[in-house]
Amino acid sequence: MTPLAVTAYTATSAMGSGLAAQLDALEHARSGLRPNDISSAPLACWVGRVDGVEGIALPAAFGAWDCRNNRLAWLGLNQDGFLERVHAARTRYGADRVALLLGTSTASIGATEEAYRRLDADGGFADDMLRPAIHAPHSLAAFVAAALELEGPCLTVSTACSSSAKVFASAERMIRLGLVDAAVVGGVDTLCDSVLFGFNALELVSPEPCRPFDAARNGISIGEAAGFALLERIEAAADAPRLLGYGEASDAHHMSTPHPDGLGAELALNDALARGGLDAARVDYINLHGTASQKNDEVEAALVGRVFPARTRASSTKGFTGHTLGAAGIVEATIALQAIEHGLVPGNLGGDTPDPICGAHFAWCNERQRVDVALSNSFGFGGNNACLAFARAGFAA
Amino acid sequence: MSMLRVHVEGVGLWSPQLADFAALRALLAGATAPAPSPRPAAATLPPNERRRAPESVLLAIEAAGQAVAMSGRDAAALACVFASAHGDQAITDYMCATLARSPAELSPTRFHNSVHNAAVGYWTIATGCHAPSTAICAQRASFGAALLEAASQALAEQRAVLLVCSDTTGSGPLAEVTGCAQAFGCALVLAPQAGPATLARLDLQLGTAPADAPLPEPLQGWRAGNPSAASLPLLALLAGAGGHCELPVAATLGLRIDMENVA
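So the protein lines, in turn, are chains A and B. Residue numbering for the first sequence follows the numbering used here, beginning at 1 and increasing consecutively. Residue numbering for the second sequence follows the numbering used here, beginning at 1 and increasing consecutively.
Next comes chain A alone, as it looks inside the complex (with noise of 0.2 Å):
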């Protein structure tokens, strides 16, 4: 495919809110979890929370937006001059130029289980809470587009954890075809207690900080957080990095356990390098979806030992956000592409007794060298499987 830029991204986790926050703690090796503080009931976990998203005020035309997803998403479109790139992309193509186009899993549910633990005598919700924009899946994606004034194609993509990697793909297609000029993609999730209890009555969250890929991992540990990125086609910038490939597949297996032979992640892998005209060989880094689940990590890791030299390196960056679910994709994009920015590798944080599948691509610890092509696994429930491929600006495959 015809490679396109990233003009602008940023990234609000447990790591902090924006790049300058997130490269300093993976320079650092700084995880960004801590034990579980946010459920209505208590839950032995650690979680990647995101500090002061209960403060933040959303402009007075958007109260009625107002809940923890859309204040963590206004957090998020207020880091590293985000707001004003899509301002000027706005103002260049038109705001109907421009499509939003956002993942997420949950969207603002805790606001409708806030709803539920408080309703009214008659069994309804209470006034406050009569927002009915605020309890549907779009809330997000919604409130975004009002807030950044967009008015072209919007689409929220719900495919659990692969959410916010699918729409990078989306984009593609709409910018291939001339619907639009740019896209604003990137996605929100937050923490609420329907995750946190519901991945813990599935038995797999941790009651320690997840650790990705260690030989004795015994879970995950949920997070939340919001990122964004701006695509224009490569004439607009030519410096910028590129989104070179995206590869997308369905495991056709189970509704929560991965392909055990990872055939989806394979195909979607596949897709990803053949769009960026890319040998395996090519690649520098893979940001893998290493969920610290048993079996994500073992088909993962098995994955990786098949389709790549030991020169690649690889590692999951769970471990200083948590798996931010929904919002997984973006983050760890736009960890590939600081990678590719700064030639810096990130260790897998918590992977301190290497899992023996794990074959010499594993970087335990941060390295440093040149990446021109990072790559980014996401995988979700429903067996769907999402890789998106990055360049640096120039690359030829």
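Simulated from the structure, these hints should not be mistaken for laboratory data. Please read these numbers as outputs of a predicted model, since none were measured by experiment. All residues carry an ideal CB built from backbone N, CA and C; glycine is no exception. One or more of the hints may lead you astray.
Unchecked claim - Restraint-style ranges between C-beta atoms, simulated for each label pair:
no. : chain 1 : residue 1 : chain 2 : residue 2 : range
1   : A       : Ala396    : B       : Glu105    : 52 to 62 Å
2   : A       : Cys365    : B       : Gly207    : 49 to 59 Å
3   : A       : Glu341    : B       : Ala241    : 51 to 61 Å
4   : A       : Asp37     : B       : Gly195    : 56 to 66 Å
5   : A       : Pro356    : B       : Pro196    : 46 to 56 Å
6   : A       : Ala126    : B       : Ala181    : 18 to 28 Å
Said to hold, decoys possible - Listing some non-contacts, in silico: residues in chain A with all C-beta distances to chain B over 10 Å:
no. : residue
7   : Pro35
8   : Ala57
9   : Leu75
10  : Tyr93
11  : Gly343
12  : Ile357
Given the coordinates of chain A, assemble chain B onto it according to the supplied hints.
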């Protein structure tokens, strides 16, 4: 502005009043369509899955199965775009009620069925489909946004795409805010090129957000009770002799659809 031309090869439809697309045709022709069984049959699912699957999954899979059967395509080869404005409202209601009362009792099965892509997940598993699949929403513009996404995939990837849009009735206190009064699901198989199975050609063009397109008399009022029923102006065109309609694809954006019968 770019125009997208796609070809319809199959149509699926289920509501408590209409068992399939033929029933809609009959209704619009002035006949009385026999009411379907109380639950969508969803025959594509293996019997075990059908017993366990939530209503939202049965509804989406029933519409999908009808459209794919009409197209004659192999379901395993179709990319999938499944849309729903509200996802599984019964599960959302169950989860929020359980979390408010006794969070540790949350059912793991209901939780994994709560993901917005549960229906397309079950569909790809049942049909052995390894093609890309997605699940999207856009409030009352969900059908229009899904049509734009599916048409984009059909043309950009040059492959046939299964589009499904469905919403169930609201449950519990949540029903007051979703306003879903009855189930409605529909599906289209879209292809980039005309072929022997082509029923109709659609030319799609983005424009300003439309007012609600008028609906033929027997369908009046259906749209109010279910966001997926926003598809009805197009379904009515497909059931008739062609023409055009406009559907919302976003809060401030519409899609003009010019439809021409091919079959």
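Status of each hint after checking the structure:
1. A:Ala396 - B:Glu105: 52 to 62 Å: holds (57 Å)
2. A:Cys365 - B:Gly207: 49 to 59 Å: Since Cys365 (chain A) and Gly207 (chain B) have Cβ atoms about 55 Å apart, the given range 49 to 59 Å holds.
3. A:Glu341 - B:Ala241: 51 to 61 Å: Between Glu341 (chain A) and Ala241 (chain B), where Cβ atoms are some 57 Å apart, the hint holds.
4. A:Asp37 - B:Gly195: 56 to 66 Å: Holds, since Asp37 (chain A) and Gly195 (chain B) (Cβ atoms, about 58 Å apart) stay within the stated range.
5. A:Pro356 - B:Pro196: 46 to 56 Å: Check passed, 54 Å falls within 46 to 56 Å.
6. A:Ala126 - B:Ala181: 18 to 28 Å: The hinted range 18 to 28 Å holds for Ala126 (chain A) and Ala181 (chain B), with Cβ atoms some 23 Å apart.
7. Pro35: holds (17 Å)
8. Ala57: Nearest chain B Cβ is 23 Å from Ala57 (chain A), so the label holds.
9. Leu75: holds (23 Å)
10. Tyr93: Consistent with the label, Tyr93 (chain A) stays out of reach of chain B, its closest Cβ about 13 Å off (over 10 Å).
11. Gly343: holds (33 Å)
12. Ile357: At roughly 24 Å from the nearest Cβ of chain B, Ile357 (chain A) sits farther out than 10 Å, so the non-interface label holds.
Consistency note: the structure conflicts with none of the earlier hints.
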